[in-house]
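S.K.: All chains should be built: construct the whole structure from the sequences, respecting the hints.
For the protein sequence lines, the chains are A and B, in the order given.
In terms of the working numbering, the first sequence has 234 at position 234, counting the first letter as 1, and numbering is strictly consecutive.
In terms of the working numbering, the second sequence has 256 at position 256, counting the first letter as 1, and numbering is strictly consecutive.
Be aware that a few hints might be false.
[To be verified] Derived Cβ-Cβ restraints for the label pairs, each shown as a range:
| no. | chain 1 | residue 1 | chain 2 | residue 2 | range |
| --- | --- | --- | --- | --- | --- |
| 1 | A | Q238 | B | W136 | 36 to 46 Å |
| 2 | B | S137 | A | V78 | 48 to 58 Å |
| 3 | A | L312 | B | L133 | 11 to 21 Å |
| 4 | B | L133 | A | L90 | 23 to 33 Å |
| 5 | A | V78 | B | D19 | 48 to 58 Å |
| 6 | A | A134 | B | R72 | 24 to 34 Å |
| 7 | A | M313 | B | D19 | 58 to 68 Å |
| 8 | B | S137 | A | F137 | 49 to 59 Å |
| 9 | B | N56 | A | Y94 | 25 to 35 Å |
The set of hints was computed from the structure by calculation and includes no laboratory data.
Virtual Cβ for every residue (Gly too), placed ideally from N, Cα, C.
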Amino acid sequence: MEFDVIFGNAARAGLGPTAAIFALAAVGLNLHFGYGGLLNFGQVGFMMLGAYGAAVVVATWGGSLWLGIPFGLALCVVFALALGAPTLRLRSDYFAITTIAAAEILRLLIRSSPATDVTGGPFGLQTIANSFYALNFLPDGRHGLGTFSFSSNQLWVMLVAWVLVLLCSALVLALIRSPWGRVLRAIREDEDAVRSIGKNVVAYKLQALVIGGVIGGLAGVVEALQQSGVGSENFEPQVTFFAWAALILGGMATTAGPVVGAILFWFLREGVESFIRELSTQSWLPDLLADFLDGSEGAISVTFMGVGLIALMALRPQGILGRGRDLHLGT
Amino acid sequence: MSTATSTATAATATDADGDAILTVRGVRRAFGGIVAVDVERLDIRRGAITAIIGPNGAGKTTLFNLLTGFDRPDAGAWALEGRALEGLPPHRIARLGMVRTFQLTRSLGRLTVLENMAVAAQTQPGERLERALLRWSWRAEERRVAERARELLDRFGIAHMAREQAGTLSGGQRKLLEMARALMTEPRIVMLDEPTAGVNPALTQSLLDHMRALNEQGMTIVFVEHDMDVVMGISDRVVVLAEGRVLTEGRPEEVVADERVIEAYLGRARAPAETPAEDGDA
Numbered sequence: 001m002e003f004d005v006i007f008g009n010a011a012r013a014g015l016g017p018t019a020a021i022f023a024l025a026a027v028g029l030n031l032h033f034g035y036g037g038l039l040n041f042g043q044v045g046f047m048m049l050g051a052y053g054a055a056v057v058v059a060t061w062g063g064s065l066w067l068g069i070p071f072g073l074a075l076c077v078v079f080a081l082a083l084g085a086p087t088l089r090l091r092s093d094y095f096a097i098t099t100i101a102a103a104e105i106l107r108l109l110i111r112s113s114p115a116t117d118v119t120g121g122p123f124g125l126q127t128i129a130n131s132f133y134a135l136n137f138l139p140d141g142r143h144g145l146g147t148f149s150f151s152s153n154q155l156w157v158m159l160v161a162w163v164l165v166l167l168c169s170a171l172v173l174a175l176i177r178s179p180w181g182r183v184l185r186a187i188r189e190d191e192d193a194v195r196s197i198g199k200n201v202v203a204y205k206l207q208a209l210v211i212g213g214v215i216g217g218l219a220g221v222v223e224a225l226q227q228s229g230v231g232s233e234n235f236e237p238q239v240t241f242f243a244w245a246a247l248i249l250g251g252m253a254t255t256a257g258p259v260v261g262a263i264l265f266w267f268l269r270e271g272v273e274s275f276i277r278e279l280s281t282q283s284w285l286p287d288l289l290a291d292f293l294d295g296s297e298g299a300i301s302v303t304f305m306g307v308g309l310i311a312l313m314a315l316r317p318q319g320i321l322g323r324g325r326d327l328h329l330g331t
Numbered sequence: 001m002s003t004a005t006s007t008a009t010a011a012t013a014t015d016a017d018g019d020a021i022l023t024v025r026g027v028r029r030a031f032g033g034i035v036a037v038d039v040e041r042l043d044i045r046r047g048a049i050t051a052i053i054g055p056n057g058a059g060k061t062t063l064f065n066l067l068t069g070f071d072r073p074d075a076g077a078w079a080l081e082g083r084a085l086e087g088l089p090p091h092r093i094a095r096l097g098m099v100r101t102f103q104l105t106r107s108l109g110r111l112t113v114l115e116n117m118a119v120a121a122q123t124q125p126g127e128r129l130e131r132a133l134l135r136w137s138w139r140a141e142e143r144r145v146a147e148r149a150r151e152l153l154d155r156f157g158i159a160h161m162a163r164e165q166a167g168t169l170s171g172g173q174r175k176l177l178e179m180a181r182a183l184m185t186e187p188r189i190v191m192l193d194e195p196t197a198g199v200n201p202a203l204t205q206s207l208l209d210h211m212r213a214l215n216e217q218g219m220t221i222v223f224v225e226h227d228m229d230v231v232m233g234i235s236d237r238v239v240v241l242a243e244g245r246v247l248t249e250g251r252p253e254e255v256v257a258d259e260r261v262i263e264a265y266l267g268r269a270r271a272p273a274e275t276p277a278e279d280g281d282a
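M.R.: Here's what the structure looks like:
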């Protein structure tokens, strides 16, 4: 059993660009739900628009990536307004259902044949991030130790991604500590009470939806940069739920919660997967079990994460960084 | 047809009596076939404490919800100091100076008591998204808001809880906090929906004292109440609702002497043979 390999793989996943992407998505969700009480189950829709907005400008229209990224984020703003304006007046469960449906509709539209000329349909779009990697000032070659190592370009994406995570976390923290954030947190507690003291609840919720959605859009942009392309299969509904899992794991309504949660989520997921992969090669294992494990590492790992989340809900429902007493103070 | 009625009455709603702060004309709300509220005419006097009483289901809370924008009437018009309020959302009505509380207290549990107060201020520019990150542009106001909040908390005797989360307060303290928070908006008229519901006698007395003290400073107060003793002790005017209509209106001692009020509460005196089902019609 090579534990250094397992740990190296886990650490690479926990600090890699994918963890940063999910951290960004979870930071956005934290503003939505942790502070604003908005049940957004369509965060992947924002990620998709950020990614495809940037990719379409570069690959389809031959524009600059530096125009594409703001274009993608602008699409997120439009999506948030279109999604929120009709539904944020309704009860929160209607909003939740609308978000999950809207994100899936968006994905099906993007991969539909009429859209192929623009979005590449089921084939996606490729080679969109050349001008991003041209800015890479890091030395060539691999960096790191053993399996915990990255290519120069991977490291460059990671650097940018984690800086974005820091900036967005700082932005959310500053907003939440402002009087604006106080109104938003009050809305989470009791909308009608906040209406009764003269605040336009729908406007605040819409603003929070836009900001958290744009942060989700940034996550999509990083995803497109990392892959130097986009494909609709990367934006299936479970992406949203992995981001939710990261947020719940780390702790809702805390600054570092979504970030710690995303790191831990990918660390554990890859750690378990790598462990099972190692295990299935062990000669002392009965052939039948080894055959079963071989090839199903991914499924077992996701199952493990599910069981782990259930255990977390039972033992520490507020997440790792959350405040336990808050659970009993909700209205 | 209902729009025609509402525009016709709108003119009269703004055409108020000299001492009326709130004028209500023809406000009607039906749920299916049940007419919950049908108030032909109601004037709330400036600077007075007005009690709205009536048996269960008389439409008291529905009337509150309509007047404060939390529910929409089918027809009718009402105005605060001559400013028409029909069609406005609740937050606009609150900003115009008519603020309400709820029958079941609505404290913002995970916010501190001080935050509960500060969020009710109408003067904080940092509540606008474009100013939120410009700390310097709202810090001074934040200090003034906190100062005003502490004064009010002091007055209501819960200043020692300022740093605690509101969810940790007792039921009575939440009632006090909700009243203090309503005042934080600097209203012209406060609408209290059953301020003494589920409150022990000592605290009821304290709440009434607060209402009286506020009123002495010139605040107009309207409140919904069940307990006749409470109503008699504190109100200048009493409005009796029954089946959504204003049954009568006047000074408390006039109202309790009114046969119709006794009927509405206790049912009409009848031969003992009458069935209970018919009592319900009274």
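S.K.: All the hints need checking, so say for each whether the structure fits it.
M.R.: Hints, verified against the model:
Distance hint check for A:Q238 and B:W136: the Cβ-Cβ separation is about 44 Å, which falls inside the suggested range of 36 to 46 Å. Take B:S137 and A:V78: their Cβ atoms lie about 29 Å apart, and the range 48 to 58 Å is violated. Remark: the range hint 11 to 21 Å for A:L312 to B:L133 is contradicted by a beta-carbon distance near 34 Å. At roughly 30 Å, the beta carbons of B:L133 and A:L90 sit within the given window of 23 to 33 Å.
The supplied range of 48 to 58 Å is met by A:V78 and B:D19, whose beta-carbon atoms lie about 52 Å from each other. Distance hint check for A:A134 and B:R72: the Cβ-Cβ separation is about 59 Å, which falls outside the suggested range of 24 to 34 Å. In this structure the supplied range 58 to 68 Å holds for A:M313 paired with B:D19, their Cβ-Cβ distance being about 60 Å. Evaluation of the 49 to 59 Å hint for B:S137 and A:F137 yields a failure: the beta carbon distance comes to about 37 Å.
For B:N56 paired with A:Y94, a C-beta distance near 31 Å keeps the hint of 25 to 35 Å intact.
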